[in-house]
Amino acid sequence: MKMKWFKSLAFTTLALAVMATAVPVASAASKLSGKIVINGSSALLPLTLQAAKEFKKLNPKVKISASAAGSITGPQSVRKGIADIGAVDWDASTDVPGFKKFDGQVAHKVAVIPFAAVVNKGVGVDNLTTKQLQDIFSGKVKNWKEVGGNDASIVVVNRAFGSGTRVNFQMKALDGSDFMSKGDNYKEVKSSGDMKTAVETTPNAIGYMDLVYVTSKMKALKINDVAPTEANVINGKYKVWGYGYYMTKGQPTGATKAFIEYIQSKTFQNGSLKKLKFIPISAMK
Amino acid sequence: MSAPASAAATELGTSLKTSSGKTFGRRARLAFYNRTFKAICVVCAVFVCIILFSILFLMGRTGILTFEYVSPMEFFFSTEWVPENEQYGAFIFIFGTFALTALTMLIAMPISILIAVFLAEVTPPWLRAVLRPVLDLLVGIPSVVYGFLGMTLLIPLLRDVTGTTMGDGLLAAAIVLTIMVLPTISRISDDAITAVPKKYRDASYALGGTRFQTTFKVVLPAARSGIMYAGILGMARAIGETMAVVMVIGNTPQLANSLLKPTSVLTSNIVMQIANVPFDSTWNYALYLMGFLLLVISLLMIVLIRFMQRKGVQR
Amino acid sequence: MSAGVQQSPRPFASSRKSGNRLKNNLFTGLVWTVGICTIIFIIGLLFLILEKGMPKLSIDFLLGLPDEIMEGGGIGPALFNSFYVLIISLVISIPLGMAAGIYLSEFAPDNKFIGFLRVCVEGLASVPSIIFGLFGIVLFVEAFDIGLTIIGGAVSLAFLNLPVLTRVTEEAIRAVPQEMKHASFALGGTHLQTIRRVLIPVALNGIITGICLVAGRAFGESAVIILTAGVTTSGVMWDFNLLSPGETLAVHLWYVQSEAIVPDAVEIAEKSAAVLVFIVLLINLLFRIPLWLNARKMR
Chain A
368 MKMKWFKSLA
378 FTTLALAVMA
388 TAVPVASAAS
398 KLSGKIVING
408 SSALLPLTLQ
418 AAKEFKKLNP
428 KVKISASAAG
438 SITGPQSVRK
448 GIADIGAVDW
458 DASTDVPGFK
468 KFDGQVAHKV
478 AVIPFAAVVN
488 KGVGVDNLTT
498 KQLQDIFSGK
508 VKNWKEVGGN
518 DASIVVVNRA
528 FGSGTRVNFQ
538 MKALDGSDFM
548 SKGDNYKEVK
558 SSGDMKTAVE
568 TTPNAIGYMD
578 LVYVTSKMKA
588 LKINDVAPTE
598 ANVINGKYKV
608 WGYGYYMTKG
618 QPTGATKAFI
628 EYIQSKTFQN
638 GSLKKLKFIP
648 ISAMK
Chain B
5 MSAPASAAAT
15 ELGTSLKTSS
25 GKTFGRRARL
35 AFYNRTFKAI
45 CVVCAVFVCI
55 ILFSILFLMG
65 RTGILTFEYV
75 SPMEFFFSTE
85 WVPENEQYGA
95 FIFIFGTFAL
105 TALTMLIAMP
115 ISILIAVFLA
125 EVTPPWLRAV
135 LRPVLDLLVG
145 IPSVVYGFLG
155 MTLLIPLLRD
165 VTGTTMGDGL
175 LAAAIVLTIM
185 VLPTISRISD
195 DAITAVPKKY
205 RDASYALGGT
215 RFQTTFKVVL
225 PAARSGIMYA
235 GILGMARAIG
245 ETMAVVMVIG
255 NTPQLANSLL
265 KPTSVLTSNI
275 VMQIANVPFD
285 STWNYALYLM
295 GFLLLVISLL
305 MIVLIRFMQR
315 KGVQR
Chain C
37 MSAGVQQSPR
47 PFASSRKSGN
57 RLKNNLFTGL
67 VWTVGICTII
77 FIIGLLFLIL
87 EKGMPKLSID
97 FLLGLPDEIM
107 EGGGIGPALF
117 NSFYVLIISL
127 VISIPLGMAA
137 GIYLSEFAPD
147 NKFIGFLRVC
157 VEGLASVPSI
167 IFGLFGIVLF
177 VEAFDIGLTI
187 IGGAVSLAFL
197 NLPVLTRVTE
207 EAIRAVPQEM
217 KHASFALGGT
227 HLQTIRRVLI
237 PVALNGIITG
247 ICLVAGRAFG
257 ESAVIILTAG
267 VTTSGVMWDF
277 NLLSPGETLA
287 VHLWYVQSEA
297 IVPDAVEIAE
307 KSAAVLVFIV
317 LLINLLFRIP
327 LWLNARKMR
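Residue numbers (my numbering), protein chains in the order written: chain A, 368 to 652; chain B, 5 to 319; chain C, 37 to 335.
Treat the hints as calculated values from the structure; they're not laboratory data.
Keep in mind that a hint or two might mislead.
[To be verified] Cut-off 30 Å, straight-line C-alpha distance, at most; resulting in silico cross-link-like pairs (DSSO-like, lysine-lysine):
no., chain 1, residue 1, chain 2, residue 2
1, A, K624, A, K428
2, A, K589, A, K424
3, C, K92, A, K642
4, B, K203, C, K59
[As the list claims (entries may be wrong)] Among the chain C residues that face chain A by a calculated CB cut under 8 Å, a handful are:
no., residue
5, I105
6, E107
7, P281
Note that the structure is a prediction, hence the values are computed from the model and not measured.
No residue lacks a Cβ here, since even glycine has one placed at the ideal position from N, Cα and C.
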C-alpha cells in the first residue's frame with residue numbers, strides 16, 4: 368500500500384516535471400522571450416524586483432529570476448555564466464579597494480544611491496567631519512565626548528567586508544581609510560535591515576546605510592556640515608553617494624538588453640525608481 | 005544492543021526466502037517482493053551516501069586548496085583573521101564554535117530532559133496531546149525570526165541585566181540556540197522515554213520505587229540511546245545554525261574571553277563572508293575549509309559521545 | 037535497552053524511605069516547574085509572534101501579489117511556493133530517507149563501515165544549510181544550467197532533510213520491541229511483510245515526529261532557497277511550473293526584514309512570521325490526525 372502510494376506520487380512528479388520543461392519550448396511565439404537570471408547586490412534588489420515586475424507585464428514571455436547573495440556574487444556569477452546580469456554597488460569593470468576588476472564585463476549605470484552615516488537617537492551629535500568619521504570607524508576615538516557628545520562609549524556597527532555599501536562608504540565618506548576589525552564595542556551585521564535594527568536598538572551606536580533605509584527611529588548625520596538629502600546629492604554638495612551597476616558579459620543582447628534599457632528608460636527612472644527613493648542617473652551632471 | 009537479535013532476524017528472513025525460492029505462486033512472489041524491496045532500500049541508502057559524500061568531497065576539495073597558501077599551523081592556531089592582509093588564522097572561530105556548542109548543550113540538555121520527563125511521565129494525557137504539537141511548532145519558526153527577537157528583545161535585556169554596552173556575544177547566542185534546539189531534544193527524548201516498555205515501570209513501582217527512582221534509575225537509563233541521539237541531533241543543529249547566530253553574536257574576529265564580548269564562530273563567519281569574497285581566492289578556500297572543519301568537529305563530537313556511551317553501557 | 041533494567045537498584049530499603057519521599061517530591065515539583073515554565077514561555081513566544089501579525093491578516097494579504105513601492109503588498113505567490121517547494125521536497129526526501137533508514141536498521145551488516153556511515157549521516161545534520169545551498173548551486177545552476185528554480189530549491193531542501201529523516205526512521209524502527217518482530221516472523225511473515233505490517237506501523241509515531249520536525253524546518257528555511265530558488269516569484273498565483281523562480285515565504289520574510297524599502301516592511305514581516313508559525317502548527321496537526329485516529333482504533 369504504502370510503497371504504491373509513494374510510487375504513484377513519484378510518477379506524478381516526474382510527469383509534472385516533464386510537462387513543466389515542455390511549456391517554455393512551446394511558448395516561443397511572442398516577439399520577446401527568454402530567461403534572465405540576475406544575482407548580486409541585495410541593496411539593489413528592491414529596484415530589480417520592481418523593474419522585473421513591470422517588465423514582465425510588458426513582455427509576458429520573458430522569465431526573470433533574481434536573487435541576492437552579495438555584491439561580489441553579481442559579476443562573479445556573470446563570469447561563470449550562471450547569471451545574465453550581476454547587480455553590484457561599484458563599477459566592477461575597474462579595480463576598487465579589495466576587489467580586482469572583471470575583464471570583459473560591461474557596466475551599466477542603473478541608479479544613484481546616496482549613503483548616510485547614522486546614529487542612535489540618543490546620541491547628542493548631529494555633525495561629524497571626515498576626520499572624525501575616520502577616527503571613529505578606525506577605533507581611535509572611543510567616546511562620544513571626544514567629538515562633542517555625551518560621555519558614553521561609541522558602539523561601532525559595521526557591514527561585512529565586501530558589502531557594496533561598505534565599499535562605497537569607505538571610498539566616499541572615509542576617503543579610503545581603513546575600518547577597525549575588532550574591539551569590545553564593535554560588531555558587524557549582515558544586511559541593511561540588520562544594520563537598521565542594530566542602530567535603532569543599541570544606545571550610542573553609529574553605523575551607515577543607504578539613505579533609503581533611514582527611518583525616523585534613528586538620526587542621519589551631517590557630514591562636514593552637509594545634510595544627506597537628495598537635493599544636496601544632485602547639487603554636488605554631499606559627496607557620499609555611488610552608482611548602482613548592472614554588469615553583463617560583453618554587450619547584452621535580446622531580453623537582457625531590453626531589460627537594461629527598460630530600467631534605464633525615463634519611464635522607469637522618473638517613475639518607480641524615484642518612488643523607491645533612489646535618484647535617477649540623468650539627474651547627475 | 006539489538007545487533008545479535010537483528011542478525012538472527014535477517015537469518016530467519018533469508019531461510020524463509022531460500023526455502024521458497026523454487027516453487028511458484030505466493031511464496032515466490034513474496035520472495036521476489038522481498039528482494040526488490042531490499043534492493044530499493046539498498047539503492048536509497050547508497051543514494052543518500054552519494055549525496056553526503058559528494059557534499060563532503062565538494063567542501064574538502066575546495067577547502068584543501070587553502071593549504072597551498074596558508075600553513076596548517078597558522079590556520080589552526082593563529083588568532084589573526086585579517087584576510088585583507090593575507091592572514092588566515094581560524095583559531096578564534098574554532099574555539100568559538102566549541103565554546104558556544106558546549107554552553108548551549110550545558111543549558112539545553114538538563115532543561116530538555118526535564119521537559120521530556122514532564123511530557124512522557126508526569127503530564128495528564130490531554131495536556132500532552134496539546135503540548136507535543138506545540139513543541140514541534142517551535143522548530144518551524146524560521147531562524148530569522150529567532151534572530152530578530154534575539155536582537156530586539158534578548159540583547160537589550162542582557163544589556164540591562166549585565167550593564168555592558170553591547171550585549172552581543174556567546175551568552176546571547178547560547179540562549180537563542182537553546183530555545184531553538186529545545187524542541188528537537190525534548191521531543192525526540194520524549195519519544196524515546198515513551199518507547200520504554202510499561203512493564204519496566206510497573207516492575208519498578210512494584211518493587212516500591214518512587215517516581216523519582218523509577219525515572220532516574222529505570223526509565224532514563226533504558227531510554228539512554230534515544231536521549232543521546234536527541235542530544236546529538238540538537239548539538240548538530242546548534243553547531244550548524246547560522247541565520248540566528250549571526251544576528252546576536254557580534255561577528256568580530258576576537259577571542260571570546262568573556263561571555264558578553266562580541267565574537268564569531270565558524271558558521272557565522274562563513275555566512276557573513278562567503279557571499280562577499282571572490283570565487284577563486286584563498287579567502288574563499290579558507291571559508292570552505294572552515295565548513296569542512298565544522299563537519300569534522302561535529303563528527304568528532306558524535307564519535308566521542310558514542311564512545312562515552314558505549315563505555316557507560318559496559319560499566 | 038535491557039541494560040537499564042539490569043542496572044536498576046535492588047528493592048528499595050525502608051530506612052531510606054523518608055529521604056526517598058522527599059527526593060521524589062522535590063523531583064516532581066521540579067519537573068512541574070520546568071514544565072509550566074516551558075508552557076508559559078512557549079505561549080509567550082507564540083503570543084509575541086502571533087498577536088502582532090494575526091489580527092491584521094486578510095485574504096488580500098494572503099493571496100495578493102507583493103509590492104515594492106506601495107503599502108499593502110501581499111504574499112500570495114511566496115505562500116504558494118512555500119507549500120509547493122515543501123511538498124516536492126517531502127515527496128523526494130520521505131521515501132528516500134525512510135528507505136535508507138530501513139536499510140540501516142534492518143538490512144545493514146553490523147560492521148565498521150556502516151557504523152562510520154551512521155556517524156556521517158548524523159554529522160551531515162550539522163552541516164550549515166548554506167553549504168547545502170552551495171551544493172545546490174553547483175548541481176542545478178552550474179551543472180544542469182537551469183538557473184534559480186523551484187525544483188532546484190526543492191531538491192536541495194530534500195538533501196538538507198535526508199540525514200535527519202534517515203536517522204529518525206532508523207532510530208524509530210530500532211525502538212520497536214524485538215518480540216513483535218519475532219512474533220511476525222514466527223507467524224511466517226516475510227521480512228518485507230514484517231517491515232510493512234509491524235515495524236513501520238509501530239514506529240510510525242517516531243517517524244511522524246521526524247517528518248513534522250523536518251517539514252517545519254523546511255518551511256522556515258531561507259538560506260538554501262535564497263541560493264537555489266532565488267528571491268523572486270514568477271509574479272502570478274498558482275504557477276505550477278517547476279522551472280519558475282521559487283521564493284518562499286521564509287525567504288520573503290528574510291527579504292522584507294533585511295532589504296525591502298516598502299514603508300510597511302515591518303508589518304509585512306510581522307504578518308509573514310505569524311502566517312509561517314500558524315501554517316507550521318497546521319502541518320503538525322494534519323500529520324497527527326491519522327495518528328490520533330489510529331490510537332483511538334487501537335483502544
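Exercise. In ascending order, which of the hints set out earlier in this document are inconsistent with the structure?
Worked result: 2, 6
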